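Enquirer: Listed here are the chains, written in short residue letters.
2 protein chains.
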Amino acid sequence: MGKNLTKRSEDYSKWYNELVIKADLAENSGVRGCMVIKPYGYAIWEKMQTELDRMFKETGHENAYFPLFIPKSYLSREADHVEGFAKECAVVTHYRLKNAEDGSGVVVDPEAKLEEELIVRPTSETIIWDTYRKWIQSYRDLPVLVNQWANVVRWEMRTRLFLRTAEFLWQEGHTAHATREEAIAEAEQMMGVYADFAENFMGVPVIRGVKSESERFAGAVETYCIEALMQDGKALQAGTSHFLGQNFAKAFDVKYANKEGQQEYVWATSWGVSTRLMGALVMTHSDDNGLVLPPKLAPIQVVIVPIYKGEDQLDAISDHVAPLVQELRSRGISVKYDNRDTQKPGWKFNEYELKGVPVRLAIGPRDLENGTYEVARRDTMEKEIVKGEEVVDRIEFLLDDIQKNIYSKALNYREEHITKVDSYEEFKELLESKGGFFSAHWDGTVETEDAIKEETKATIRCIPLDAEEGEGVCMYSGKPSKRRVLFAKAY
Amino acid sequence: MGKNLTKRSEDYSKWYNELVIKADLAENSGVRGCMVIKPYGYAIWEKMQTELDRMFKETGHENAYFPLFIPKSYLSREADHVEGFAKECAVVTHYRLKNAEDGSGVVVDPEAKLEEELIVRPTSETIIWDTYRKWIQSYRDLPVLVNQWANVVRWEMRTRLFLRTAEFLWQEGHTAHATREEAIAEAEQMMGVYADFAENFMGVPVIRGVKSESERFAGAVETYCIEALMQDGKALQAGTSHFLGQNFAKAFDVKYANKEGQQEYVWATSWGVSTRLMGALVMTHSDDNGLVLPPKLAPIQVVIVPIYKGEDQLDAISDHVAPLVQELRSRGISVKYDNRDTQKPGWKFNEYELKGVPVRLAIGPRDLENGTYEVARRDTMEKEIVKGEEVVDRIEFLLDDIQKNIYSKALNYREEHITKVDSYEEFKELLESKGGFFSAHWDGTVETEDAIKEETKATIRCIPLDAEEGEGVCMYSGKPSKRRVLFAKAY
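Line by line, the protein sequences are chains S and R. The numbering of the first sequence is numbering that gives the first Met the number 0, which starts it at 0 and goes up by one. The numbering of the second sequence is numbering that gives the first Met the number 0, which starts it at 0 and goes up by one.
No wet-lab data here; the hints were simulated from the structure. Be a bit skeptical, because a hint or two may be false.
Note that the list lumps identical chains together, so a pair holds whenever it fits in one copy or between two copies.
[Unchecked claim] Here are the simulated DSSO-like cross-link-like pairs (lysine-lysine), alpha carbons at most 27 Å apart as the crow flies:
#: 1; residue 1: Lys427; residue 2: Lys382
#: 2; residue 1: Lys343; residue 2: Lys254
#: 3; residue 1: Lys347; residue 2: Lys2
#: 4; residue 1: Lys408; residue 2: Lys433
#: 5; residue 1: Lys408; residue 2: Lys46
#: 6; residue 1: Lys2; residue 2: Lys382
Since we're looking at a predicted model, the values are computed, not measured.
Could you put the whole structure together from the sequences, leaning on the hints where they help?
Expert: Here it is, written out as structure tokens:
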């Protein structure tokens, strides 16, 4: 196809890296581990943001903004939290540069050393709970339902565009509640919002579950998650929602007076999704020809390519196409008419396939004569000739059908790749030969989890919420188990 | 009014600080100079963002995202730029913390020292132009019209909520062009977009002009600006748009092949507005009773307060009001029906005055009987009784009228506070007694500008674009001058 894109079957990882760059989604920057999100990639992220933000507001949340920096001492207040995040953070130690005495440029001014170092937020629980202490006095102040859209930094050693970068964009919800039950209901609700978004907008089927203790967020009592499966059989955690108990309220002394006037610690949740979703989107649907985007998140839903010789033909086609463009826009469909004369139609076809535009129309002199369009759908690459008077309805049908089809396809793949295993030998063999999720009994200990991870690189992705209770024996230790959990190798 | 708000006439500065906090716009955080933007303040900023983002896209710009960090060496590439920004930046020197040996918490791990320090972006010209080198090869790649919504950090010693904070939120546009003329046209266009936004959405009249050399952005050839006037007679720079010439293209070696195949340096602009606009909004319109918000940016445009005794009356009012709320929403008006039983009507009246809700409706049992509402407008505090069947139209009229009225009021104030002066004595006297802008002749030298600033604290805010040419003599030096410029004390 002339795209010079490595095939998925040859090297899935290389295919992904190439595709992200060739489709103009993102690229590496001059700063180690930090990416540049290019306009086309950012436009997809903006569409994700718009939908998520609407869903957050519909569930009663408001946006706010908290500082980028966290005083070092804040991080230490919650014991598990600091263990989880201190190891990978960017530390600001000075607040001024000065000219080097040898004229070689600028150097850090040693006199501008901060008394207390500041950490670039890896997540904002600490700075936010330090603030909530001022906001919350009485039960009347609860619940606090706040979300923040922000950048965060975690100093990762091995980075990959979107999947693992030192700086990434995300949203983080932080809520405060009067009761344990309400906080748990909130954490579960937000996992539900994420699952709804992943499935109905991204077209990515997800499994809802809770994390095992060792995979839990640092400082959480329970971590709810949604887990997706990529085309190479590896899982990807697409969003997490944490029930934090009273851990942060105790660390930052956030109490409220209940209706009886007694002081109680507040209950908390936090929940987030990030630009990592872009990686999940690319890896779930795309193929050897490039991106396949769900119509609901595609920046360009329909592209129209004129096929012509000379300016007269182009003018005739442009005149013919103008009312169609207008009609599509009035129906809320984003459409691009690409009449650039610097590129040939074949180049354009290639380009829009690479960029995953869901529906492509082509129109040449013969179509003009016949009153038809050549309509191609990106997901199946099928083409058809459609009459002018039927084309708008057909496009609406296709956008809807592509959205459904890519979800079904991903769901079928996922269903085919959940394998029930009862022996560790079978597990190890199928993990390598087939991949995907493995539903297996586990004795519930960290030791077994660690040993399996050490030997196979597979981790417990989640304990699915809909897991049937059922006694069994752990595939590794032979000890008793109460239910099956899902193992997989993961991003 | 029970708001415990300092009067503007007593202490304007204190009034501002109190109002920002009491109206729940923002507060100081535990991190020096960094603010927390609270949900109500953030909702106003979101409305600003939505309108500006629409205007940027309508003028052909796309959003993207560039790294938070800038390698120290990048900053040094453009000589003026580093002079302007090196003095006030947050410097990341390490990438890990570790447990203190004495168990007292965490300390910076000395082994995790970065080879090259990273600067938290004070503005992104350098990292962006380092990226544009990869994006631009040919005239076909131009123009590049990109905007970024981001947080930036400038280590200010004296900070004030919204007006001057170490971290602030902003947008920064960065464009690349084939010709000098096109870049200048872009810089002027974006100043126009900012002026349009300030006047037609914020209701803040602005003067368009260019900065004198010493007030120019570090690295710019020309800085266009919009200048507003606050109620205390001090000016506030509300937005800037810079023509950067080829300075950054040369510093980062960004060339393109023109149509003749010759290599040329690219021409650049950058332009930005920030959360500082929130300060301008508050200080332009608000009064001793609290915020006055322009209806186009008010998170709540209409509030309805029921006045009742007992649940039966409340239910009757709620039933009566429900279709009105629905009708207003269907017309795109944001409305809040405040039926909380934890607060009295008087408390609510106070609260919504403080928060600047443009239109307030009150309805009690007698109104219910008569089919009327008491309608109050926030800008003039006028009240009237309006019949139920006329209330929707009246609200639409009021929202429109308040938007116009607060603009006119601010414009009148501004016009009354542009004073033409020809002697330095008169200037100094009126600067203290009257304030505002002073239109005066200036000899065009930095020396004179510095001397006036030193002696009076007034600076040249801008050389207005519509300034009439007219020979004169500098009010300070007596040397010849070609046109008047605007002096003022400024935020």
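Enquirer: Taking the hints in turn, state whether each one holds.
Expert: These are the hints, each one checked on the structure:
Taking CA atoms no more than 27 Å apart as the test, Lys427 paired with Lys382 passes in neither setting, with 43 Å inside one copy and 77 Å between copies. Taking CA atoms no more than 27 Å apart as the test, Lys343 paired with Lys254 passes between copies only; the shortest distance there is 26 Å, against 67 Å inside one copy. For the identical chains of this complex, Lys347 and Lys2 are intra-copy neighbours only, at 12 Å inside a copy versus 63 Å across copies, given an alpha-carbon limit of 27 Å. With identical chains, the CA atoms of Lys408 and Lys433 are at most 27 Å apart within one copy only, with a shortest distance of 18 Å there and 72 Å across copies.
Taking the closest pair of Cα atoms, Lys408 and Lys46 come within 27 Å of each other only inside a single copy of the chain (23 Å); across copies the shortest separation is 39 Å, beyond that limit. When the C-alpha separation of Lys2 and Lys382 is checked against a cutoff of 27 Å, the pair qualifies only within one copy, where the shortest distance is 20 Å, while the shortest distance between copies is 68 Å.
The structure is inconsistent with hint 1 alone, although it conforms to all the rest.
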